[in-house]
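A.B. asks: Chain by chain, the residues run as shown.
There are 2 protein chains.
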Amino acid sequence: MVKYRAETLDYTFAALADPTRRAILERLSTGDSSVTALAAPFDVSLPAISKQLRVLERAGLLVQEKDGRVRRCRLEAKPMKEAVDWIAQYQRFWEDKLESLASYLEGTLAEENGPQDGPEQENSEGGQP
Amino acid sequence: MVKYRAETLDYTFAALADPTRRAILERLSTGDSSVTALAAPFDVSLPAISKQLRVLERAGLLVQEKDGRVRRCRLEAKPMKEAVDWIAQYQRFWEDKLESLASYLEGTLAEENGPQDGPEQENSEGGQP
DNA sequence: GTTATATTTAACCAAATGGTTAAGTATAGA
DNA sequence: TCTATACTTAACCATTTGGTTAAATATAAC
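Order-wise, the sequence lines are chains A and B.
Quick note: the first sequence uses the numbering used here, first residue 280, plus one each step.
Quick note: the second sequence uses the numbering used here, first residue 280, plus one each step.
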């Protein structure tokens, strides 16, 4: 029973289930970052962030490139596409009967991605308890 | 005073991170089901499934209605919409520059009905802005 | 070479997760 | 009423998770 595909989804959804990791991804969506810079906004130790980065790496959502003694962290969004693929099969259960997920997202994205910058979510919880 | 719970996304993504729970959701997408019927395909005990259902309930992805001694389980997909909303802010990182997530999903959903395996589009990984 | 910086690894801990079996509750049906 | 059915709850266990501090590694900078 080959389930490698499902495992990928396990890792992706698990990685997205933590507010600190989501905040890290949001930060990375504005540009690459070193580990130390990534960790700065959070009130946890550096090893704690290092572990979170490993979870993101396992999910394929983050890539680290060594550059001297600095690790350059880069967002890799492809696994999110697979996650959306999976969720998409349920769109008919929440969508307006007249509106496809496609057009729903178009509307959403038109508002949220208008200015090229800051994808601000109404509940960006920042990751601190 | 009920604050908006930032952990909604936590619960949703966490619920989706388990293959058994995703399978339960897929099953429910074909129609409501009793707990016993839901549990049948899985090689685990009924209490184990009962726990999984509680996780899905916590995420708001499942609703149980008591009907005699049977619990009728129903899919509730709204939290998935919020999950997609969150992921959607990253679409520009995986999409083909010419194609919006909206049109991507339209194409995907048109042909996708079995095991999800999206169009084998090589990751286009645009640079960081 | 010595020291400072960037980051990981190791060892540990508490809490959460996912499973088990056994027992309890509620209802349907004989 | 008595019994079978459909679950849930309780108690327990192993593993995973997310955090800690201390030590190790690698490289940059004096």
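It should be emphasised that the hints constitute simulated quantities derived from the structure, not laboratory data.
There's no promise every hint is true.
One copy or any two copies: either way a pair holds, since identical chains are not told apart in the list.
Only pairs whose alpha carbons sit at most 20 Å apart, straight line, appear in this in silico EDC-like list of lysine to aspartate or glutamate [to be verified]:
#, residue 1, residue 2
1, K330, D364
2, K357, E374
3, K330, D289
4, K360, E305
5, K360, D297
6, K357, D346
7, K345, D297
8, K360, D322
9, K330, E305
10, K360, D289
11, K330, E355
12, K345, D311
A.B. asks: All hints, please: hold or fail.
C.D. replies: Evaluation of the provided hints:
1. K330 / D364: neither (27 Å within a copy, 26 Å between copies)
2. K357 / E374: Answer is between; shortest inter-copy Cα gap is 9 Å, intra-copy 24 Å.
3. K330 / D289: both (17 Å within a copy, 18 Å between copies)
4. K360 / E305: Answer is both; intra-copy 16 Å and inter-copy 19 Å each pass.
5. K360 / D297: both (18 Å within a copy, 18 Å between copies)
6. K357 / D346: Result: close neither inside a copy nor across copies, 23 Å intra and 43 Å inter.
7. K345 / D297: neither (25 Å within a copy, 33 Å between copies)
8. K360 / D322: The answer is neither: 30 Å in one copy and 30 Å across copies each exceed 20 Å.
9. K330 / E305: Cα proximity of K330 and E305: one copy only (17 Å, versus 32 Å across).
10. K360 / D289: Close inside one copy (14 Å) and across copies (19 Å); limit 20 Å.
11. K330 / E355: Intra 17 Å, inter 33 Å, cutoff 20 Å: intra-copy only.
12. K345 / D311: Within one copy only: 12 Å inside a chain, 51 Å across chains, cut-off 20 Å.
Hints 1, 6, 7 and 8, counting from the list given before, are not met by this structure.
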